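Peer 1: The chain contents come next:
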Amino acid sequence: MSNLDSKGYAHPEVLVDTAWVAAHLNDPKVCILESNEDILLYDQGHIPGAIKIDWVGDLNDPVVRDYLDRERFEELAASFGISNDTTVVFYGDKNNWWATYALWVFKLFGHQDARIMDGGRAKWIAEGQPVSREIPSYPRGSYQAPERNDAAIRAFRDEVRQHITKVGTALVDVRSPQEYSGERTHMPEYPQEGTLRGGHIPTAVSIPWAKAVQTDSTFKSKAELAELYGSQGITADKDVIAYCRIGERSSHTWFVLTYLLGYPNVRNYDGSWTEWGNSVGLPIEKSYQG
Amino acid sequence: MHGVYTGLDRQSAIERLLDHYQNPRNRGPLDPVDVVVPGGQPDCGDLVTIYLRVSADRTRIDTISFEGQGCTVSQAAASILSEYVQGMPLAEFEQFDQQSMIDLLGRDVVGSRPRCATLAFNTLKTAVIKYRREWPDGMASPNAGTHGND
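In order, the protein sequences belong to chains A and B.
So in my numbering, the last one in the first sequence is 290, and the numbering has no gaps at all.
So in my numbering, the last one in the second sequence is 150, and the numbering has no gaps at all.
Heads up, a few of these hints could be off.
Stated by the list, open to error - Some but not every residue of chain A turned toward chain B, in silico, with C-beta under 8 Å:
#1 D5
#2 D38
#3 L40
#4 D54
#5 V56
#6 G57
#7 D61
#8 V167
#9 S279
#10 L282
Quick caveat, the hints were computed from the structure, so don't treat them as lab data.
If you're wondering where the values come from, they're calculated on a predicted model, not measured in any experiment.
All residues carry an ideal CB built from backbone N, CA and C; glycine is no exception.
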């Protein structure tokens, strides 16, 4: 039994450990994608054979605040050598924060076999696993994607507005406690970017995203996660929406709730606080009185 | 005006950024100093503090240094900027804009991370503004080398 098996996850098939990746470096049915916040980490050394995927350049629409469309997704996947039946393994910096974001976008297009390497880049490096600075290239894949389906796992502003008035729903703010309380929107003496007001969406509970991981960047066990979220009313019987600042940290929580705890109805509000906190007429709550 | 065309291809720009990240220039506090300004990105953990010392005649950047932590681009940019502006007239730096800073680093490489690329630049801008405010024309010069005032 691997360490992952002992953690009791609802969908353990979405996680692989570093040993699994090390054993599949040359597997033509596996594509390893590194997704980082730090755009130059990959260039300093990456898992041999891994390809860099950039959330800005590859996954975002260059003009509209939205994700890439079907045609661009098909081209992106094919250019990486990914076909519809490829096992895509994501990993990255910051506890896989950006890896789960990339996986979430792949799921908007219904990619079947997308997984996360537990522990991410930090664990791979800490274990002394091999790294390479070579940029790999692969034969083009063959990819036919459906139109992007936002309905199941993505929430929009007006849906959130309805959501907070309903019973049987839950809203989780995964930003830092200081952002949640309204104490912090920016650093002193630095021009603030993106948020007019501090606070949180009414009814949201605060569970910072990184509480789901351990010090070695691997995910906590299902029992620990169930306690973490359940103790604040984020339970499987509810329709759950997670948000942060632009939807990246909350993709991590979406991943945890959906796959590790097996909650059936979880969406990520990627408009998040940069949209809600700036919108005219939308209510907020603010606990910080400073 | 300093030219900002680096003439570097993408890979060379990456190598330069990595070199400055791994071997930062002008890193550490400056003493004496005229202005110290912290800057940062709360959401991604990039922090840069700029130390600015102005020439005795109050017209030029005498020296800047920085301290910080964060992503490769934000820290390498601080190092590259610290070399680039040494001795630059304040008036010239005040004409230097964010787009020029991105070009200095390599638009192909850092263009998708403008906030990281310009963190040190914006912090230095704030430092210069603060210097101008604290030492307006007509006041005695802080005369670098005699004191710190921040």
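Peer 1: Are the hints correct? Go through all of them and say.
Peer 2: Now the hints, each set against the structure:
1. Taken as an interface hint, A/D5 does not check out: its beta carbon lies about 33 Å from the nearest beta carbon of chain B, beyond 8 Å.
2. Taking 8 Å as the C-beta contact cut-off toward chain B, the hint placing A/D38 at the interface holds, the least distance being around 4 Å.
3. At a threshold of 8 Å, the smallest CB-CB gap from A/L40 to chain B is about 4 Å, leaving the interface hint in force.
4. At about 6 Å, the closest approach between the beta carbon of A/D54 and any beta carbon in chain B falls short of 8 Å, and the interface hint on this residue holds.
5. Hint status for A/V56: holds, given a least beta-carbon distance of 4 Å to chain B, under 8 Å.
6. The restraint placing A/G57 at the interface with chain B holds, with a minimum CB-CB distance near 5 Å, inside the 8 Å limit.
7. A cut of 8 Å between beta carbons decides the hint on A/D61: the least distance to chain B is about 13 Å, and the hint is violated.
8. The restraint placing A/V167 at the interface with chain B is violated, with a minimum CB-CB distance near 32 Å, outside the 8 Å limit.
9. Checking A/S279 against chain B by beta carbon gives a least distance of about 19 Å; that is not within 8 Å, so the hint is violated.
10. The criterion of a C-beta within 8 Å of any C-beta in chain B is not met by A/L282, whose closest approach is roughly 20 Å, and the hint is violated.
Figure legend: structure checked against the earlier numbered hints; hints not met, in rising order: 1, 7, 8, 9, 10.
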